[in-house]
Every structure is written in structure tokens, then in C-alpha cells.
Amino acid sequence: MSSIGFWDLLSLDFMQRALLAAVFTGLAAPAVGTYLVQRRLSLMGDGIGHVAVTGVALGLITGTSPTWTAVAVATLGAIAIELIRSRGHTNGDVALALMFYGGLAGGVLLTGLGDQSTSLLQTYLFGSITTISPSDVWVTIALAAVVIAVCVGLSPQLFAVSHDPEFAQVAGLRVTAYNLAIAVLAAVSVTVAMRTVGLLLVSALMVVPVATSQQLARSFRTTLVAAMLLGIAASVGGLLLAAYASFSANVAPGPTIVLLSLAGFAAAWPLGVWLRSRQRLRAPFAPIVPEGHDMADHDVAHGHVHGEDCGHLAVEHGDHVDYVHDGHRHAPHGEHYDEH
Amino acid sequence: MHPVQLTAGSVAIGGRPVLRGIDLTVETGEFVALMGANGSGKTTLVRALTGLLPLASGELRLFGTPFAEYDAWSRIGFVPQRPGASSGVPTSVWEVVASGRLTRRRLLRPLSRADRAAIDHALEVVGLPDRRHERVTSLSGGQQQRVLIARALAGEPDLYVLDEPTAGVDLPSQQALADALGRLKAAGATVVLVAHELGPLAPLVDRAVVMRDGRITYDGPPLADHEVHHPSYGDPHTHHHTDGTPTSRHDHAPHLDLPVDR
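Chains as they are written, first to last, in the working numbering: chain W, 1 to 340; chain B, 1001 to 1262.
Since the hints were derived computationally from the structure, they do not count as laboratory data.
Glycine included, every Cβ here is placed at the ideal spot set by N, Cα and C.
Some hints could be false.
To be verified - If you only want the chain W side, here are some residues facing chain B, beta carbon under 8 Å, derived:
| # | residue |
| --- | --- |
| 1 | 34 |
| 2 | 40 |
| 3 | 157 |
| 4 | 167 |
| 5 | 170 |
Based on the provided sequences and hints, a complete structural model is requested.
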């Protein structure tokens, strides 16, 4: 094993294919994930991942490419989730739960029916990026490129629809169509990422980089770009780390990628808390007009000293006269005015 | 050609009639306040006017076009009630305002110089140009409401539809809101807004439509008799307190709690 070094390992074909897949997966998954997090559907990737298990099993027993059957079944599942969520009287999380169980049960049942070894299914459940075939790499790259292009190119529309669907509808956007587009994009990126981190962990790559970048970002665009960069860093970094560690132990790349991503969040979270508290210290309160101010201030502010015939409503108040103007009652009290 | 023309409109939610036989025509340049108690159907009416709720019966025309064929969405600026919870991802003030420009942008085109100018202008009208890079959630409720108005403004519409812009907004922000709406009105915009209380918006309103139980119960000039008969005509804060004997015509008008009402 130690006859080849770490750098020799990287020059091997299967490792280069794995690196390519990692780069594109790392870019695509957080791009869709940002919209899912914005719509508070963080677990949608997980739901679609479970549905895709059925798709993979279908591919395994029919002898077709599990990637394509997974894309097809996951897309149908994602559309079903979206329709149940928007049309039915069901919450988004109930729709997700229905898919979770149906997808996983269907996959395991089909695998059993087809007499397939569960170890083959397991490579899809937990990822096996180093066994990815050349044709699978190209499919991964092509699908990921489509996802990235749509997520970035249509970002103004997708942002508006996710941020405020009612405003988007009155602005003339086809809200249902865009929501379905996000669901389909999520399904495609789940199948793209299934070889990298596996169907059961795919949601982590969609959500955790977003959660990390939103600790520090102030705008949607920054969050999106930073999440994509963090996604690459996690997937490539996790792959390299797993490859490096593989000389001394059996380290699976998928879980390594997810744990590295989570480590990034663990590092960013206290930083975000600190930054936000610092921001609050810098501007503790919004500027407030002082309620009781002295005569000079008041006269300067209003450019006016009240008196008889000044045009403001006069109100007798005990030993003095108050004046009503600009929405408040104005009571002279010693050296200052009380505003009522 | 009226910006809004609703004839015999009724709306049912879940099979229950919420609006019945509503006739409402808004003239170009009018500032209309929809008023009424909670549950009287103001918000439902506004949602029907913008197509967010389908009409059970009746006809809606926007700028003279039947609603089913209407597609000039850039002419309508909708300001929904401020969402209580923010979205999951941080969003800057500029980004929210920029999303209002989508009505005039084509797919896959970057922002043009005119788009940027409109967004900057919208931020300036509502008085928040220096907060553009901040998170929307870091602003106060009133400031967030002004951001939503700026978003509608960025699309440069002819008709503004605002749902409760002053609800839960502090008084200084209500004043800033009124200033922004005053500038829109001065520029010739048509405004339809839902309000529980007018507050500083009162001097802007040309026409009040009061609703009760899903019907329009009053449609006419707001507080006109007070303004005509009161000696200090012109000061918006001295209405309402004098005669103390409200005419029967106004007994359904919402109570305005002014400092002198005591």
C-alpha cells in the first residue's frame, strides 16, 4: 500500500474522475440548497434522496443505468412533494414524510425482489465516489452544469418567488412553474450528488454550506456564492482527506465530506454570533426623537414659539396652556416641554 | 379607462362567502383608503383586486382589460402585509427592492442602467438609501414596511395596492411612510390602501371606502364635513374633536384615537 504516495494517488484515473465529480457536485448541491433553505424546505433534499432510492433499485433490477432511473423517479417524487405541498391541505413537512417512507420502503423492497446484493445499493446510499465510471462522470458534470446555470441564471426570478410568492405572483411571475423548477433542480442535484456523498447524506451537502455561509453573509447573493465555494471546499477537501487517510485506515469519502462541511459550520457559527453581537453594540438603538426636550431645542426643531393666535389648537391645562400640533400635545413645563 | 373596476364582485373562501356584491371603481390618480373593522373583508378585497384570490362571481377589469386577459403586471405595485417571519436566508435591503424591478426585466438579462437608477430612486423615496447593504431583518418593522413600498416603487407602476402598511408601525415610521406615499401621490400615482387607522396618512386620502361584513357600507370623501366646517382648516390634527355629536352618516367610521379625544 505504501508503495505509492499521496500525490501518485491523485494522478490515478479513478481519483481524477472522483475529483471532477466532487467539484461539480460541490457547486451544484448548495446552489439549489440555498433556495430550499430560503423556502424553509431544508429537508426536501433528504425526502428526494429517499425517493431516489426506489429509482436506483428500479435501475438495478431492470438492468438500466441507476443514474437515469434515479433522475426520473426523483423528479417525479419532487414534483409530487411540491404539488402535495401547494395544492393539498397538507403541510410541506407532511408531504416530505410521505415521500421519505414510501421511497425508502420501495427501494429496499425492489432490491429484495430483484435478488440484488444490498452492498450494491449501499454504494448509492452512502456514496462511492472513487468507483465512479467515466460515463457517469460526464453525466454528473452535464447535469450539475445545468443545475448551476439555472440556479445562477434565473436567480432574480427564483429569489423573488422564494422570498415572497404573493408579491411574485402580482409581479406576473409564474410562481407554480418556478416552484416546480426548484423541485426538479433539487431532484437532479440529488442524483448528481448521490455518487459523491450518497442518497442518505445528500441533503447535508445541499444545506450545511448554506447554513455556514448565512452565519456571515448579509445578502442573498453572498450567501449563494459563498455556499457554492464552501460546497467545493467540503467535497474536494473531504475527498482528499479521505484519500490521504486511506493509507492507514478505511475512510469513506462521503461521510468525510459531510463531516468536513459540518466542521466548517461549527467554526463559522461562533464567528457569526460574535459578528452579530458586535453589530448590535455598534448601533444599539435606532435613533429616537427624545420625548422631553428643552425649550431651545423645541423652538429650533419646530421653528415656532406657541402663543395666542399662533394657529395651533390651544388646550387649557391647569395653570398653563398646551398646544396641539403635528400629532402631539405640547405642554410647557418649566424649562422644557412635555409631549403627550 | 379606470385602473380598477370591480363590478358585483364576490369572493368565497372555502365555500364561505367573504365578499358580496362589491362595486368599486378607482379613478386614475385617486388615493383610496379601504377601512373597516378586523374581519370586514378589506384585505380579502385587496387580494381579489390583485388576483391573489379568484372571484366567485362578478367582473374585474384592470386598466380596462378583463382580468383573465390582463398581463401588464408592471403597472401594478403590490405591497403585502409585512411578513412576520423572515425567509431562511439573509437578504439585503437592496436585493428586496431590486426584486420589484422584475416586472420590467427580461429573462437572463443583467440589470440595466435604468434598472439600477429606478432601484436607487425607490430607496431614496422611502428614505433608506444608506441601509441598502444591511440585512432586511436588522431593520425595524416600519423600516421593513418602507422597504416593501420601495420594492413596489422600483417597478415604476401606475397603481399601488398596499395591504395594511401602517399596521404595527411606530409613529415616526408612519410619518416617513406617509411622506413616501405623498411623493407617489404628487407624482400622479393611483393608490389603494387598506388601513385600520389612517394616522399620518389622513391628509393624503381622497376617498374612503368603509367595509363591514364583506360589503361596502360607505364610499365617499373622508371627513370632508370636518374639514369644511372647522376654523383651523388645513391642520390635519385638529379634526374630530369639536362637535362631539357625530352625524349618523359617520357612526360606522372607525374611531381615530387622537390626543385631543379625551
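Taking the hints in turn, this is what the structure says about them:
1. Residue-level restraint check for residue 34 of chain W holds (minimum Cβ-Cβ distance to chain B is 6 Å; threshold 8 Å).
2. Interface restraint check: residue 40 of chain W against chain B, minimum CB-CB distance 5 Å, threshold 8 Å, status holds.
3. Checking residue 157 of chain W against chain B by beta carbon gives a least distance of about 7 Å; that is within 8 Å, so the hint holds.
4. Checking residue 167 of chain W against chain B: minimum C-beta separation of about 6 Å stays under 8 Å; hint holds.
5. Annotation: interface hint on residue 170 of chain W holds; nearest CB of chain B at approximately 4 Å, less than 8 Å.
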